[in-house]
Every structure is written in C-alpha cells, then in structure tokens.
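Kindly generate the complete structure, drawing on both the sequences and the hints.
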Amino acid sequence: MASTTLRAVTHRLTTTPVEQLPSITAFLATSLSDCSDLLSAPQGQKAGKGDSDHAVQIHKLKTRLASLVQDRTVEGRWTAVVLAKATVEAGQWEILRGYEPIVRGLIGILAKPDPLSTRKMCIITLTRIFHLTYQYPTLVREITTPHLPGFVTAVLNLVSTLVKTASGSVRKPKPNNPFTELALHAILELIPRHPTIFRPFGTQLSSLLAEILSSSAHVFFPESVQEVAVQVFASLYRCAPKDKSGAEWIDRCKSTVLSAHRAADHVFRAVSEQWESVDPSVVHTKQHYSDEAGDSSADALGFQGWSGIHSGVNRLITLLRVLSGIISMPAAATVPIPLGSILDLTSRLASVTVPSSEANQSGVQFNSQISRDEREVLWAELPRIHVACMNLLEDVVCLLENSTASISQNIVDQVTWIFKSENYSRDVRTASYKLLSSVVRIHGPAMAKQTVASTMGIIRSSCNDVLPEYEDQNASGKSQSDSKSKNKGGTGTANADSFLDPELRKKQQVKAGPQFPHLQDAASAFLRDFLASISPQLLSPSIRAEVDRTIILTSDKKAMLASVLNPIPAAKGRGAGSSLMPFLVRGYSDEMAVEALVRPRMPVIMTAPELDAYVEMEEDEEAEEIADRPVVANPQSSTFMTGIAMPTRAPTTEASAASSVQKRTYFEETAAGVQSSTAEQQSAQIKKPRIDAEEDTPASVPVFQPSKIAATMVPKQVPAVSQPSAPQPVSEAVDVATLSVDDSDDELPALNIDPDTDDEDEDDDEDTAMDG
Amino acid sequence: MLSESFIASTLASAKTPTATLRDVGICVQELQPSPQLRSTFKKSSTSTNCLAVTPSHIFAAQADKAVVHVYSREKGNQEALVPFPERIRSIAVADAKYGDVLILGTEGGRLILWETCTGRQLATTASHLQPVTSIVVDPTSNFILSGSDDASIHVWSIPNILSFSKPAHSGRDRQPANAPIRTFSNHRGGITSLAVGHSSGRHNIAVSTAKDNTAIAWDYQTGQVLRTYLLPFFATCVALDPVDRAFYVGYENGSAQSVDLYRSQSSQHPLHDASLQATPAQVSAEDRWLPPAADSGTVKALTLSYDGTILLSAHESGKVLSWNIARRKFTASVADYTHPVTNLVMLSPSGLLSPSQELKRVTHTIIKPRIDNSFADPAHAPGAVPAEYKFHTHVVTSSAQSRKPSPFSQALTHAFFPESMIEEGLAELAALQSPDALNPVRVVAGTASTDHSAPTPMEEDSRVADLERELATLQKKVALNDTARQANVSEVVQLRSTVTQLQDYINELHEKQEAAHADRVKRQARKEERETKRRQAWLAAEKKGRNGDAAMKKMEIDEDVLTSDSDDQSDE
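So the sequences go chain by chain: A and B.
Number 124 in the UniProt record's numbering belongs to position 124 of the first sequence; there are no gaps in the numbering.
Number 171 in the UniProt record's numbering belongs to position 171 of the second sequence; there are no gaps in the numbering.
Calculated from the structure, these hints are not laboratory results.
Keep in mind that a hint or two might mislead.
In silico lysine-lysine, DSSO-like type, Cα no more than 30 Å apart, as pairs [to be verified]:
1) A:Lys62 with A:Lys112
2) B:Lys166 with A:Lys449
3) A:Lys244 with B:Lys75
4) B:Lys368 with A:Lys242
This is how it looks when you write it as structure tokens:
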C-alpha cells in the first residue's frame, strides 16, 4: 500500500504545476510520513523486484526535491522546504544519505529574499537535519561538517550584523528581527550536539548574546527572545576546547555569581547591608554616591554597563536566570554545582526587604548618603529581584530533589523572610508558593514544628488566594468597615450600588475583576502539598479548619483527597475528627481514586476464606468450566499471588489430588472431588481463617486424613481469630469458625458494594441460604 | 528487553570457589528471563546489611575492617576505598532514586552520614549502646531507622541531621539536632533485621525482627506497636511484600516463612485495629517453608522480585534460593557462590517505561569524605552554607525545558510542520500572488479586536467609539501600506517575468542564429560539391569529345530541381 502512495506522491509532485504545489503540500507531506516504513527501509541489500521499484521512486522524489529547492518560483522553494522536512522525518538515515545537494540548496534559500515562512521553516528543517545526523559519524562527515558552519553563518547573518573590531569580529543584533527567536532556538538545539563546529563562533555568539541580554531601554527584545538567549548563553561553555569545558563551566558559573554581586553592590547602595559573604573572595565595589546608580564598565561576562536602578535590577534578574540556566541545563560532564555560593547570593538578596514603614528601619539600615527617591525606587523593584531569587532556588530544588536536605532549612528561612515583608506582591506570593511547595513535597514529613509554625502566614495567605472573590463578600465587608468608621465619626464613601440593588447581593457573583490563574494554581498546589506532606499534628486546629474550609469551597479534588488521607488527629475527650470525605464523595463519586478510598479492595483481595464454603454446590458447574478452559485464571480465587501462579499450577494439581485438601482455592477442590461429606466440609471451614497453613508439605505426600487436619488445625486457628484464650476442643472451634464465617457473610454486602465482587456476593448469599 | 537482576555479596570463608568466582565478593546476577551471572566485583567481604546499591555505585562495608569499598557500576571496577574511624556494621542509602547520601552504622553505636556528591560527612550522637546492625531508610528519604544489638531501634530525621541551619529551638527542647527523634524499645533481644513499608504517606509501617523470637509491625511516625508476632525461632532477616500485605522472614535453619498481615474480614486495616494490637499473634513453626536440603545454612538475607511473586533467600552455604510465594514452597536454586551470601539487593527491572524512574542526573564519581574543616559554619554567619559546598553531578536531562514546550521544539519534532505554520506560509504565498485578497482578512482581524474590547463598561462607550475610529483610520493606513507593498511586489514580480521572457527571447534568437549559421555552412558545402561534380562532368564530356557545355547545361537543369528541394528542406 505504501508503495502506491509513494508512487502517487512522486507522480503528483512531478506533474502538478509549480504554482499549484503549495496547496497540496500538506497532503503530500502527510502521505510521505505515512510511507516512512518504505523510506527508512535499508536499500541495496535485497535486490528484489519491488525494492528496485521503490529505489527508483525514492530517487525520483529526491531528484525532484533537489530541483524544487533550486526552483525559480517562490512556491516551488516553499514546497521544497516543507517536503524536505517531511522526507527526512520519514526516512531518517536512509534519506539523509545523499541529501547533501538538498542541504546546500536549503542553506542557499536562507540568503534569498524569500517569504518569512519559507526561511523560518528552512531554519527548522536544517536544524532537524543537523540534529539527526548527530548520531551517525558517516552523515556528520558527509553533511554536518561541511555545511553546518555555512548554516550558522547564514543564520547569524539573518539576525545580526558583523562588525570588525581590533580584537576580532563582533556581532550586533538587528533590532526587531522576526528570526531572532527562531535562530537562537536552532543554535541552542545544535550547540550540545556539535560543539566543535560552534567553537569558531564562540566569541561572535557571546558578543551577540551579551548584546541581547544587556540591552538597555532603547533596544527592545521580547521576553521569549531573552529566555532563549539566556539558555544559549548558559550553554556557550560547551564551545570551549573539549578538555577545558569543565573549567569553562566553573568559570562561567563563578563570574555570573560575581557579576550578580557587583550589580547588587550598585543596586543596593541605598541601604547599608548587614550581610557578609561566606566566601572571602567576594568584595564590595567602591562607588560614587553623587552619580546616578549605575555601572559604566562591562563586566566579566561581557555585559555592557547600565545606569538607573531599573536597568540594574533587570541586569540582576538576567544574571540570576543565566545562573539557573547554567546549573539546570544538561551538561557535558560532571560539574560541581556551587550550592554554597548560590545560597550566599540569594541570602544577600533576600536580606534586603521592604520595610513595613519608612520610620521603621527594622532589619534594614538606610544609607544616609542616598536620596529618599532612589530608596523608594529600590523598594518598588525589590519584589522582582526576590521572585528571580526564588525561581533560582526552585530550579535548584527541582534538580537536586532529596539531596537538598542540607539546604532546605536555609531555603525555607529565606522564603518566609521575604514573604513577611513583601506579601502584597502577587508575583512574590506565586513564587513563594511554588518554591515552598517543592520543598515541602520532599522534606515535609520531617519538618520540625518551628519550621511549620514559621510558614503559617503563607498558608493563611494561600487560602485567601485560592478562594474566588465574591461581590457579595466584598460589599458586606466594606459596609462593615464603613459602619466602623462611622462609629468613629469619620465619613466614608460607601459603595452605593451595593445598597441600591439587593438582587446583586443575593446572587453570589464572582467578582468581575482580573483573575490570576497562575497565582491560584500555585496556591492550591501549595495547599495540597502542604496537607499531604506535613504532619497534621503540627498544625493548629484553627489553621486546619481554615484550610479545610477553603478546600470545600473550591472543591479541589486533589486537595480534598490530601485532607481525607491526612485526617485531623483525634484529640482526647473528643470524638472522631471530622473528615471531608462526604464532600469528596458528593463531588467526585465517579473518580477512581475516590472509589478506591471509600471502598478499598485490599482486604478482600488477600483473604478469601469463604471460598471453601461454596465449593460443593458449584462443583459441577465449575468442572464444566474447567473442561472448557483448562488453563485460566480462577475468577473466584482473587488471592493475588495464587492468581498469578495459576496458569502453571492448574494442570499439575488437577493431575494429583493429593495436595488438594491443603489448597485454599476451590479449583483443586473441585478437581479432587472429595469434598462431599459434611465432616470434611466442616474441616475445610475450620481452615478458613488461616491462609498460610501447611504449605511446607511437598505435593508428593499422601492425602491427609480429615481427622488429622482437624487435629493439626486447632492450635493454629486460635490466634487467627485472635482469641487470647487457650486452644479449645475441636467441636467448639468448628462452631466458632462457622459462626464467624456466617457473620462475615452477612456483613459483606455492606462492606463491598463494588461491582467487581458482585458475583462473589451472590454466591455467598446462595451459599448461606444453602447452609441455613 | 525486560529483565530483572539482583546483586549479591558474600563473606569470605575458608572454602575455595570455582575459577570464575575466585576473589569475587559481589555478583550481579540476572534472575529473569534466564538466571545467569552478569558481572562481578572483586576483593570484597561483607557481613549482613553491609551492602548498599545506587544507580551508579555499589558500596560495600568490609567485614572486620573500618573500610568501605566503592565500586562503579558504570565502569565495572573498584573506584575508591574509603577509610572510617570505626568499623562499619551496617550501611544504607537514602533516596533510592539517586542515592546521594550514604548512611553507615558503626560499631560504637553512632551513625555516619556521607553526602557522596559533596564529600560532606556528619556523625550523630552515639545513641546506641551496641553496634548498629541494621539500617533502613523510609520511602520519602526523610527518616532513618537503625537497629542495634542493644534491642532498641532509633528513628532519625535526615534533614535535621544534614541541615546547615537548625530551626530555632525553644528553651525546654535541649535535644541536639543530630540525636534520634524517637526510640522504639519493645524488643527484648538484639535487633536482627528491619524492613520498612512502601507508603510515602503518614501511616507507613516498619517491621523489625529480634533475637527474642518476635517480629513487630509498628508505626515509625508515632512509635506505636501495631502487632507483635511470636515466631517459632528468631528471624535472621525480614522482607516486606511490595504492597505491604505480608512479610517474609528467614531462619537460622535455612527455612523461610511468610506472615500475612491481612487475615480477618474486618473493613479496618488489621494492623490499625486497636483491639488486636495488644495481642501477640502466634506464628506456627509448621507453616515454615522448608529448604530442599538440611545443610543450606542460615538465611542471611531476603529479597522479593518486582512483582512480589518470587522470594529470594541468601544462605550461609553460598546458595541463593528462590521460593514461589503463591505455592509457599521452594522452587529452585538460582546461584551458588560458595562463600556465605550475606546480602541480596534486588534491582528494579530494566526495560520498564516509567517516567518517575528516569534519572535527571548521574553521578560518575563519588567525592570522598573531606576530613578538613571546610564545611564548618562560617564564624560570622552561623547556619549559612559554606562557600566550598558544591554538589558534583552530571545533569543529563533538563528539568526546566520540559515544563513548557516552545513552538520551535514542537515544529522540530513534528512529522513535517505544524498546521499553523503551514497555514501561515500558505497565507503569505497567497498574499504575494493576489494583493486584493489581503484586505478582507485585515477587516476580519479588525472586527475581532473591537469585539475584544467590547466588555468594557458602558460609560466608556464614547471612548470605545473613539478607539474604533482610530482603529479604522489605522486599518485604512495599513491597508494603504499593504496595497502599496502589494503593488511593489506585483511590480517586482512583473519585472521578473519580463526579464525571464526577455531571456527566453534572447535564447530563441541565439538558437535561430546558430541554426542559420549551420545552414549557410551546409549550403556552401553543397554548392562546392555541385561545382566539383559539374567540373568533373564537363571534363568527362570533353574527354569523350562531346560538347562539355551542353552536358553542363543538362546537369544544371537537373540540379536546379534538386537544390530547390534541398533548400526547402533546410528551411524547414
């Protein structure tokens, strides 16, 4: 089938006029990817008739593509780019072999004034081709090594201009260029795979990226471009010669931290910091207090100077993101992640927080040489810095997971410190929730009481953030405060609308103001993780009540589950603690997790003592069934492990009736067909409570006499029904056993209402009826 | 391919093994599908509970020596030999996924924690009065349970011990941070083995066996006894079912036994049934699973397969036996290492696609414990992380990138290109061809944007109208610009087509010229030929005595007809 598809594709490709090709391109590409089996099949090994035909078709396709790439018309080249990608994806190695002319043509397209989409897709196609060649040395030799430098140059020419300087060539970005983001993505994708080819471009790239990342107000690069640029910048160390890339990594990491300290020196000059570095090599830079805050010289990373607090904070944030990129991007080899320096930096940045009021200087000492204006600008910018800090720490926690045990307390301390003074900022709240939630997920179970107590404020605020704001609440709250102020004699302006329209107050309308989905998601995830990981004993009842109330109001399924699974510990003198289980079941009764929680299957699966009880009456039926399907997992023996072993066991046990008496599943019992007398049945019932008895006897041992079984049974049966008394006479034990079984049968419907065990229940009912 | 293997370590003895196992102390053995020896590590002799395995390394505490051998699983060789101040009697790794923290129980009754990626090493208080014989770490990697010959089990908090910064302690709580948080002392004999449940929730259980012939299931988060089991003999080792439904114990006489935790029909978890907790449960000696031969020797270690259907036991005789749990009996002897097998560690099967087990980073080489004081708190900032604290690791997959797939990465791995990109391109091509086609699109976009601003309050209607007007003018301008651009483009296209036409015309002319030239050459040649013929005819006529001229004329007449034909042909 695939071969006809391929023939159809090549036919249409060659016969359709070039101008009309784009409209059928998507269809052709889909068809091509459908015959990937054919395209990726190794050629030339079997010279079958069909194979040679395929080879001809594939050759035709490639030739046509090569000519389309060189086509005069825009449409032809556009089609060629799309189909080149589709063919490569479908054929992989087999197609890439001998793809060299097409690659050359594609690189040529980049220099032509083609439509944006042609060139964009061309970059993606080429990136993919170079990406795929990475694993195959022959292809690297044939395609990558000769053409990748040309591609990189072409891409860099698209987004930047080359400037020759005395020290070498430097690249300046073209502002407002549609290709910048794409080009950086392509480079980011290729650097780790072909670092040696990028080595000559190292300086050009780093100058270009430094330019983008340190851009001041007059050139704008969108957030997405900055983000990729950070990542490319973080992976540039790979361009260093192979043996030095490790040293280069350490170097870059260190200079990023130092640059951040240097920027912080300037940004934080309005306060006199209490912080002292743990690393003696970090020294404060001298500065002139008369000038505007700024750094006029380029730093170790090649970032330009800046001036003004805002751009200084931008620089600091960029550096923190570069640092986070450097540590969390996949590396070439083992690297030492400098946790000490990172936490030193964040503790410095976190130690300066917004004071609660200008007069109250608690924790922050002002530098009297700096004007109040600059200080206030700094207060306004601080939350951004702290958000970047917390994002960096979150990346560290995500990367090292359980190995953050040694630093988690420091992280929690920093978060709670920042949160205390800056919880008015939504971004700070979002970042705090995210970071704390990742820490709590890992180390929550072992958190000390003091630590949990210090996060109470954050819990309260997350409850507030999760709840949607209702008009109704808002209005009533306002009127209350109004009445208070009136009592004091002030004249507040009440929201008149809330009085005029009583309908509005009845309906609980969600406030029409802006919503903050990120904040809400982070807050509810935090609540969830907090409940699931922190010991409920450490929470004060009032906090727990507030959290539960919030969860009920928002009907967050996962949070409800977390609350139900970690119930409030029963206090002395009170009844059982209340649970959210009814709310959970009302809201999500069709969820599997809820079903598992409310009607657990575990005990049912492990113990199946009542199985013996209905052996007799179903014997014939069962025998027929066995005849029909000789090797089949016994549906009634839900005992997990026997169920697994069943296929191998069934034949042997059917053959030898010897072991049947000891076995619990009624499979064997039916096979043996010895259970007819009531005495024997009773003896079987005695065994019910015990499930692990008598298995040590090999199968070859002769059949046990019922009396003997009863005798051996007695002492063991006692602990099983957990009667502390001494062994009892046989007859009594039998009675007790039968009674207990009957009881449990009566109770069963109430306990297992699940459809899975319906059969069993019915059987049981019948069974008891028969017994009765 | 799906395969399951285990690692076994042996204690050196007087017996001499076969040539393949000479000097071998640790064996990696495949269990399923075919039991066979995969690889070995040499020069190691370990006692029970002295083997720890991480994805990258094997740590083996040497018997009767204060030394831990570190083997690299990647390279298959011994990587380091780490000396400690005391003899190590038990060993375990925290964080089963990466195994970055190694916990060692010493002869003196203290624990040593060694962060293998940073080289930091910490010791706890010597809370045990006897050697620490067994250590387990709970599934959340937050708690350590250590059992000792002094019959007590201590519970320790890993973050408390490791943390640089200690939470502020209230006045009455004078407990140092590196002391155990809880002690379980219900046993009356030396602890032989510990197992911890597989729950990461709050109600996880631990099962401990001791020389007082008991096994106790208890809650290590509270220290509460859940059930006491009176065993027929004292258990040397214990293993827990993957779903915590039963535990398995091994005895000194080589037999094993399973103890079911679920036995009653009550809806409550039997372990949490308060009425049963005070009552010890008697486990019968006759339920034991007997080994095939009496000389199997003590069961030194137990482990379970991934699916919980096969129990493996390591024996003093050097054999590793497998037991079928469903049939409750011995099935086969998996391996024989001659020396007493003291530890068994089941590896998680390879070939399962479980994203949670995918490693984000790898540890190629461990960092030996640093004996200098560089990790001490800096004097001026107590609790701060020292600058030398570095975490050595190799990040292999990015955690940050996977969070949000960019359009680029989507396009990169697409079978050709995402539909949106194709459509964008088609629209652009269409726009190039027909300049008019673009205007309606713009109008639609414009209305869409006005719709977007519709929800603004009613009193701002005038402003909206203003904005709409502004928008309209802008649209007009854009449309103008577009048409201008389109005009330019079409002009360019036209010019290009005329250029190609001209080129074609020139080519045609060239061809014609060449054809004409060739024709002329041909005609010339023919004329010359004719002339030579005529001359020959004339000469021949003259020779024969006839009038040459008459012959000539006759020929000329003949040839005229011919040439006219041939000329016609050449014209065609």
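Do the hints match the structure? See the list:
This hinted pair checks out: A:Lys62 and A:Lys112 have alpha carbons roughly 22 Å apart, not beyond 30 Å. Taking the CA atoms of B:Lys166 and A:Lys449, the gap is near 12 Å; set against the 30 Å cutoff, the hint holds. Pair hint A:Lys244 plus B:Lys75 holds up; C-alpha atoms about 23 Å apart against a cutoff of 30 Å. Restraint check for B:Lys368 and A:Lys242: satisfied, since their Cα atoms lie roughly 26 Å apart, inside the 30 Å limit.
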